[in-house]
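Residue numbers (this note's numbering), protein chains in the order written: chain X, 21 to 217; chain S, 107 to 285.
Because the hints were derived from the structure by calculation, they are not lab data. Be careful, since some hints might not be right.
[Claimed, not checked] If you want a taste of the chain S side facing chain X, the calculated C-beta under 7 Å gives, among others:
1. V156
2. F174
3. I200
4. G251
[Stated by the list, open to error] Output of the computed footprint for chain S on chain X, the stretches with three or more beta carbons under 8 Å from beta carbons of chain S:
5. 38-46
6. 174-183
Predicted model, so just to flag it, every value in this text is computed and none were measured. Ideal Cβ placement from N, Cα and C applies to all residues, glycine included.
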Amino acid sequence: MHKTKSTFGGRKLFLFMMTSLDGYMEGENHDLSWHHVDTEFNTFATKQLDEADTILFGRKTYQLMESFWPTKEGLEGDPEVAKKMNSMSKVVVSHSLDKIVETNIWENVRLIRDNIAGEIRKLKELSEKSIIVLGSNNLCVTLIKEGLLDEIRIMVNPVAIGAGTPLFAGIGKTSFQLAKTRTFKNGNVLLTYQLGI
Amino acid sequence: MRKVVVTEYMTLNGIFEEPGQWSFDFWSEETAKYKSDELFASEIQLLGRVTYEGFARAWPTITDAGDFGVKMNTMPKYVVSHSLEKAEWENSHIISSDILGEIQKLKQQNGGDILVAGSGQLVQFLLQNKLVNGFHILLHPLVLGKGKRLFTETEKFTFDLIETKIFPKGIVALHYQPK
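With the rest of the complex left out, here is chain X (with noise of 0.2 Å):
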């Protein structure tokens, strides 16, 4: 059977995440400076963007994205993706967040806290373009166990960080399917891993 959509029908769920050179993703003390970021990354991470209409965050990302992308760093720093973070459609998965808290900058943002396999089904058929998770380890974790993440894309970052969280922290012995490779001019490789084939 060919597949262009997901397992369950309904748009591709495709994660992003950083990794470094041995496998975390992030360091200690949830340490992001080893990102390898310049120009040609924020024109690859706009058009990503573009690919989805929703943005799938587990707690932690999410604070540390709302923490940002609306303030004056985010806005300045890279001014097209924070446009695209700020106003488009979010969905934070958290058992613990009670309440979310929207701005005129900070956009679109809803809570999914129970039955979140069924949520994000429900996502999935109702989206009409694909969904993005950014970070969001723990999520991912949640998401590859109960079959709903079709795609993975790790950028690994040429510097070894020697700890932190690792990649999918939690999992279990899992393989997946390379589908190709991307190299950026700052070293990052760009691996895109299909599941559930």
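Let chain X serve as the given structure and place chain S on it in line with the hints.
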């Protein structure tokens, strides 16, 4: 001058030990040729004790690995260890003191590469002392629930990407040079 080439099997979540337990699902003739070319470009193996002991146990008993096996068994091996008293694998030499000096002496020789496989602690030492020329990761398309990681100190090591090679079944070779 010899080049020091570090070569590591790795999962997407940074585990590098015991690839014999997880690499075979993704093996292919092309990957075998890659590893063979790498070995035959080398004249010397430089290893930490744990990796050395693993190889020393396994390789003398492997009789069906053709030229690769012959090379592994006959080529000079230098094992860096303060505690190892005897190195009984064919053509083995122990480096137990003046480690930096002894390795620099090996580098000063003319000839094929010094190949470093596994050897987590030794690799970190080599990187700290700017002795590594090539840093090659054979990245496998899986994550593992547990296992040892190569980098265990919170020092950051940055690299320049030199090239990538794609192999069947999702393996990607990433070739870096330390900055």
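Evaluated hints:
1. V156: 18 Å, violated
2. F174: 25 Å, violated
3. I200: Violated, because the Cβ-Cβ distance from S/I200 to chain X comes to roughly 28 Å (cut-off 7 Å).
4. G251: At about 4 Å, which falls below the 7 Å cut-off, the nearest Cβ of chain X leaves the hint on S/G251 intact, so it holds.
5. 38-46: holds (count 6)
6. 174-183: holds (count 8)
Checked against the numbered hints given earlier, this structure breaks hints 1, 2, 3; the rest are met.
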